[in-house]
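Sequences listed follow chains A and B, in order. For the first sequence, my numbering assigns the number 1 to the initial residue and increments by one for each residue that follows. For the second sequence, my numbering assigns the number 892 to the initial residue and increments by one for each residue that follows.
These are computed hints drawn from the structure, not numbers from a lab. The C-beta atom is built at its ideal place from N, Cα and C for all residues, glycine as well. You may find that some hints are simply not true.
[Claimed, not checked] Rough simulated footprint, nothing fancy, chain A against chain B, three-plus residues with beta-carbon under 8 angstroms:
#1 1282-1291
#2 1672-1686
#3 1690-1700
#4 1712-1722
[Unchecked claim] The calculated EDC-like cross-link candidates involving lysine to aspartate or glutamate, where the alpha carbons are at most 16 angstroms apart (straight line), are:
#5 A:K811 x B:E1629
#6 B:K1190 x B:D1202
#7 B:K929 x B:D1202
#8 B:K1702 x A:E670
#9 B:K1703 x A:D734
#10 A:K182 x A:E119
#11 B:K1252 x B:D1213
#12 A:K812 x B:D1625
#13 B:K1702 x A:D734
#14 B:K1720 x A:D773
#15 A:K620 x A:E583
#16 B:K1756 x B:E1723
#17 A:K811 x B:D1625
#18 A:K669 x A:E651
#19 A:K613 x A:E597
#20 B:K1558 x B:E1547
#21 B:K1085 x B:E1113
#22 A:K171 x A:E160
#23 A:K829 x B:D1664
What follows is the residue order along each chain.
2 protein chains.
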Amino acid sequence: MAKKYVYSFGGGKAEGNAKMKQILGGKGANLAEMTKIKVPVPPGFTISTEVCDYYYKQGKKYPKELQKQIDDNIKKLEKTMGAKLGDSKNPLLVSVRSGAAVSMPGMMDTVLNLGLNDEAVKGLAKKTNNERLAWDAYRRFIDMFGNVVMGVPHDDFEEELTKIKKKYKAKLDTDLTADQLKEVVAAYKKIYQKVVKKPFPTNAKEQLMASVNAVFGSWNIERAVIYRRINKITGLLGTAVNVQAMVFGNMGKTSGTGVAFTRNPSNGDKAFFGEFLINAQGEDVVAGIRTPEPISDLKKEWPKIYKELNDIRIKLEKHYKDMQDVEFTIQEGKLYMLQTRTGKRTGLAAVKLAYDMVKEKMITPKEALRRIEGDQLNQLLFPIFDVKAVAAAKIVAKGLPAGPGAASGQVVFTADHAEKEKKKGKQVILVRHETSPEDVAGMDAAVGILTSTGGMTSHAAVVARGWGKCCIAGCSALNISYAKKQITVGNVVIKEGDWISLDGSTGEVMLGHIKSSSSPVIAGVVENNAKAKKSSIYKMFMQIMAWADQYRKINVRTNADTPKDSQAARRLGAEGIGLTRTEHMFFEGERIWAIREFILARDKEAREKALKKLLPYQRKDFEGIFREMNGLPVTIRLLDPPLHEFLPNEEAGVKEMAKRLKVSPAKIKELVTNLHELNPMLGHRGCRLSITYPELCVMQTTAIIEAAVNMAKKNIKVLPEIMIPLIGTSNEFDFLEEIVRITANAIIKKTKSKVKYMVGTMIEIPRAALTADTVAKKAEFFSFGTNDLTQMTFGYSRDDAGVFLPEYVEKKILPDDPFQTIDQDGVGKLVETAVKLGRSTRRKLKCGICGEHGGDPESVKFCCKVGLDYVSCSPYRVPIARLAAAQAVIG
Amino acid sequence: MAKKYVYSFGGGKAEGNAKMKQILGGKGANLAEMTKIKVPVPPGFTISTEVCDYYYKQGKKYPKELQKQIDDNIKKLEKTMGAKLGDSKNPLLVSVRSGAAVSMPGMMDTVLNLGLNDEAVKGLAKKTNNERLAWDAYRRFIDMFGNVVMGVPHDDFEEELTKIKKKYKAKLDTDLTADQLKEVVAAYKKIYQKVVKKPFPTNAKEQLMASVNAVFGSWNIERAVIYRRINKITGLLGTAVNVQAMVFGNMGKTSGTGVAFTRNPSNGDKAFFGEFLINAQGEDVVAGIRTPEPISDLKKEWPKIYKELNDIRIKLEKHYKDMQDVEFTIQEGKLYMLQTRTGKRTGLAAVKLAYDMVKEKMITPKEALRRIEGDQLNQLLFPIFDVKAVAAAKIVAKGLPAGPGAASGQVVFTADHAEKEKKKGKQVILVRHETSPEDVAGMDAAVGILTSTGGMTSHAAVVARGWGKCCIAGCSALNISYAKKQITVGNVVIKEGDWISLDGSTGEVMLGHIKSSSSPVIAGVVENNAKAKKSSIYKMFMQIMAWADQYRKINVRTNADTPKDSQAARRLGAEGIGLTRTEHMFFEGERIWAIREFILARDKEAREKALKKLLPYQRKDFEGIFREMNGLPVTIRLLDPPLHEFLPNEEAGVKEMAKRLKVSPAKIKELVTNLHELNPMLGHRGCRLSITYPELCVMQTTAIIEAAVNMAKKNIKVLPEIMIPLIGTSNEFDFLEEIVRITANAIIKKTKSKVKYMVGTMIEIPRAALTADTVAKKAEFFSFGTNDLTQMTFGYSRDDAGVFLPEYVEKKILPDDPFQTIDQDGVGKLVETAVKLGRSTRRKLKCGICGEHGGDPESVKFCCKVGLDYVSCSPYRVPIARLAAAQAVIG
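Use the sequences and the hints to build the structure in full.
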């Protein structure tokens, strides 16, 4: 028996079904499926992807069985439709569309009205009793076929059309009469002949085979190949070709066309949602010349059709078990479905749909989890702008989406000013070149933060994310003048007090006040607001998180530096702290003076004196964190940044420091100069500092262990994990681990405490990953600092890469920003290597990740794959991480 | 039969030999060997390292056979010596020394005069007829035994001695009489009793066994364990213990002691070389109280002894086939050899010894190559300071040894000044904070360059090394004031015109003019000087290089940016260019203005216009290099540094640029600010520049290929290899490779040339190494840029690591500076991975190294091991690389 290459559908029967996407493509498989379940679909047939595969493997030849199968199917179609291809009386018109298993822009798309020629056009005119319609269809077909199949520039046709419209003073295409359209057809044919060097084919089968050829040919044109390479689409046989009888929505007052969603894609409500146009083709809905009517109006106008459509809606949803995005056409009172596919949706809708469908017993909780993307879940956590208001807003600049949510406020340029305005009850956005630790109170007072320099790990970005506050960083297009109290960006001038709006999820800065809605989830979960807890969104969120926790295997921790952040994170589901950055504690109030005194000190004794002042602050911080995390592990990283970060940058700061520490300003400047580094990212920081100044390590260990001992006395269960940062060699680790143990054990012994602690390291330097087996001899845990690891593995400075990274992502040199989604081939390989090597030495080595990637769904899945014990992310990313961790298990 | 643990030597017989270092230790094996070949050695025995091994494996117990074997050997020794341990009439005194197979500081060293007690001391006095000698020996023994074996602080003894000296108004120890020494002995015993809580042991065997215990115990004390860990000494069983009869060089006018080398260790001359002291013990030679006489005087004074010693010298050299460093003692006219070992030597001596011994047919050329270290060979290539003059010089600061050799000159602070003084015939040292491209002429005029900032890859360092010129960089202790025309360093002020001297091999900056000798090798090889070619050093050098080339398998190329450097390198044996840095060509004269115009350009058109000006310069440079390297491959790297390196730093430069390019200084400043990067090392540079500005890649490719075509027309064989730098992903490479090929092929086609070229990449980013299999799909060669690879693998900025790297090496956290010797465990692992992955895709992938490591012997050996095809180093390191490559084969 001959191999089957063509699959028919129509008349309630179909040879394919929805599961056959691999050989019928997505579109073909769904057309077959709809036919099978008795949804009215214009009949047709699908030429399988195996033909495409054969075509390329055999040097652009077709299987010999093919022509006959196509011919048979045309005959069948002609019979079903009672019309004949190319017939001058009752011509069958078809559409030809490509369709692979995965949607793939770049390939040949669609030819409509195929089958028209000088004879058939007359038949169509007669059949439809609409000469104008027939000739309009004909000229559109010549344009489409000429352009898509034969490569005639569309503009050539368009130019001619404009000429003729001018001649007859027609404003719109629709102003042209049938006779004028005949003139257009004649002119189009000439253009075709001129470019193709052959006359326009009058034989309908010839038209069809040329279109089929063009579809298969388009599978391997450069932009399609590049698209597949870039999107890593592999394992496909090729594209299928769908040939389907044309139906017309523009055949008069009993015809029409529309698009609809089976539920509301915007908020997830269980209500039919869509639009339709009477006497129109699909293209007219898209073109936007006429305003479509809401689908509910159909009920009044054509109650029968509406009922039929609504029944189909219910049928499709039941069948596909998901919200569908459908296209339909009504030809002279008869309804046809042209397409169905899973509908795109907002975050809120995604959550509600998944939740509702479980309640409706349509899907399982597992399936519900599979359907919610992390970014969609995220939309429930933060204020979001009103969609319409945003669409109308003027975007003036784009920066890095450093902190989540949406915020509108009046511009202020100093932290002090932000605090004052806040007290007056105003909503402000703090705009700075960059923020520094002194700005923290003002940052807290502002509803959003906007900076012109600094990257995703700048001070502003890190602080804002920790708080779940909206922040756009590194918006380099802004020209900020503190003196003039204004921002210039292009021709726009924004003055102090002007309203601007920030979209923290896109990095867009917009003019004016844009309405936004706040999140009942955060109010309920983090702020413990009773009213919010009664909201349906809150309940959905809690249910979905509960489902996620049933499935996930990996733990989710948080990166938090304060008791407040720790509390928020714990409420959002964090199961411990994966990273406490102790340096953030050095900036507040008096502390900065102690650390500056330390930097200025000439000898160990003076340094120790300065550190003594810091000790009680650090101890108190740790006590607060231990209290909040009672019973959960807390990883504390020893000092990481280079010391110059604690010194003042500006003249005024230098003077203040000189005065306070009783030295000359020149001395301070000299210090600043001496500590200046060409590449601070690769400089004297992390463990390198503690090796030079072991007293630093001693002070921090003392603070951690004393805090632990004090809390343990209050019956709080403390599980401190001391993390030594920036280890590149096992010798560095061994050197400091010894100091930590001696210091810690002495305190534990002296206080007769039973506190247990661990000592481990951050793996963030490629060399540490490559030699992880020796590092793990002494290190009890690894925490992957994938921010720095990405910087060093790629050789990208996160602060500077803004110049080329967006271009790289745009040119698809990189699939994603590697600082947002972990680069599995390079950085991931190092992580995997380190886990394997580390566990070859220490079988039960605890491994986690504490870079920003800990809150990125794809990265979380990668972490599960390589066997990490936990991921750690900023408090407000914890829910996403929980969801992603569940998805990693569910698959 | 009982296992043998103790090996005797003496009376012309020995149970061990030189090959038994593993179980007898180095010292014990050589004592046995000398005994065997009838060299007079005081008899004794060695307790093997296997006892040490047993001792630790069995919980600090000895094999039960041991005591008997020791007792038997003592008896044998007593018989040989005709004396008895602890005897009051004729006491046998012995020394006890540790000695592992590898010399290892940190362990217990030596106990002398063992066997003395209140009885034996009398016997010794009588036997030697020297009461003072006997009591002096006794008090030294108590001190040594107490301190070394029992841990009594040496200072406790010293304090007591000082007290007694004061009491008797004795200035020196030797001023004390026998009776006074008896008082010292009594006091010492009290100290011993007080600390040890036991009386000083009078039983000689007890003394001996306690000492043996102490030696074995010292094997595992912390500092010895750390020493072995740090120096990666593994596979040793333990230490041996050598017990040997004491001989005394201080028994009067017919006694004496000395140290000697069998040839001159300073220049390699075949002449006996050493010193001796009459009536003295070994310690006295070291103490330096009396001035020893040259060994030649022994000939006059004791011709018989001299002859005997000279015969031994010849015998030992013949036997060991290498220059020996020996110790001897003459006791009452009888000669004893106490030690022999391979003598340390200068570079010149190493070369001459190896060369001469081949000529004398003592060793093979292979063995000669094995014996010359790269640094020793290097000493032949550069001026070196007179050893004595250096010893007397005042070192005022230490910087990085950035350029080789030695230089003395008068201080100048500007490049212009250097040129002027040079014209006057003066020798000057150019001192700058850092140098920049405008300083090149002045740098050429100076005999040496000294900078206060910048690392081993700073402008000054790279340029100087290329020229083989002495340079010290990053000497941060210097406070240079251009305004005051002086350097302040501590209390020292160095003014313009003052003489200073630089040792480029140590980084030491010294005051005053120090004599140095220049290198006939460079004069002969590079400068083609006929007279120099007649020198013996030149001949030796050429012979040794010829031997090396016979054995080595890896190619040696050079890093050269100019025809002049290419010529020098080729004469020194380079077999091609592994790295031409095109950016160095951008600085000279008019070129800098063209590149600055490029940077300032607003659009592609303007950029191309600027590049057009650069094209002829680049083409001409490449033509010159191709001409010099006729027939050899030339690897040319596309632009690498970030663009801001081409902009002026200072106000004057900004003004000049503004004037020249007809824009406002504010505009230039804005440009400088915009291009500023926080971590330029990880910024917008390398291939990232060419991806942003593909026209840059087009211009450089055009220059390379046009130059190649032009030279090919002149019958020069050109083999260009175009290298794309800083690749992190295969997409980057593929993107640029296509541009290179399109550009190059168009030129080749147009000119109908047959030039062949390769396109490859520098592997210097960890990610490229980790994904080398995909990079190698298109890349035809890999060149490892181990400078940057080391920076990123360790996370060290070479410019900034000066703050902690020296400390790291000192604390042995790192075994070596990883920028000098490749880090095999980390960076090396990446190199090895990349070679394997790359060749898994492209079997014959050409792999080389072009970082500074290409000129480091250990690194070259590593490169051979991992299968690289070539190493490439700066021109003046080529000979070292050739030697190291031969050694890698010889083993």
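Quick rundown of the hints versus the structure:
1. 1282-1291: Violated, because only 0 residues of the stretch 1282-1291 of chain B bring their Cβ atoms closer than 8 angstroms to Cβ atoms of chain A.
2. 1672-1686: Since 6 is at least three, the answer is holds.
3. 1690-1700: holds (count 7)
4. 1712-1722: holds (count 6)
5. A:K811 x B:E1629: Holds, at about 15 angstroms.
6. B:K1190 x B:D1202: With a Cα-Cα distance of about 13 angstroms, the restraint between B:K1190 and B:D1202 holds, given a limit of 16 angstroms.
7. B:K929 x B:D1202: 11 angstroms, holds
8. B:K1702 x A:E670: Roughly 28 angstroms separates the two Cα atoms, so the pair is violated.
9. B:K1703 x A:D734: 12 angstroms, holds
10. A:K182 x A:E119: Distance of about 13 angstroms is within 16 angstroms: holds.
11. B:K1252 x B:D1213: Within the cut-off at roughly 12 angstroms; holds.
12. A:K812 x B:D1625: Status holds; Cα separation ~12 angstroms.
13. B:K1702 x A:D734: Within the cut-off at roughly 12 angstroms; holds.
14. B:K1720 x A:D773: 13 angstroms, holds
15. A:K620 x A:E583: Between A:K620 and A:E583 the Cα gap is close to 14 angstroms, so the pair holds against 16 angstroms.
16. B:K1756 x B:E1723: This hinted pair holds, its Cα atoms lying about 9 angstroms apart.
17. A:K811 x B:D1625: 12 angstroms, holds
18. A:K669 x A:E651: 9 angstroms, holds
19. A:K613 x A:E597: Holds, at about 10 angstroms.
20. B:K1558 x B:E1547: 13 angstroms, holds
21. B:K1085 x B:E1113: 26 angstroms, violated
22. A:K171 x A:E160: Distance of about 14 angstroms is within 16 angstroms: holds.
23. A:K829 x B:D1664: Between A:K829 and B:D1664 the Cα gap is close to 13 angstroms, so the pair holds against 16 angstroms.
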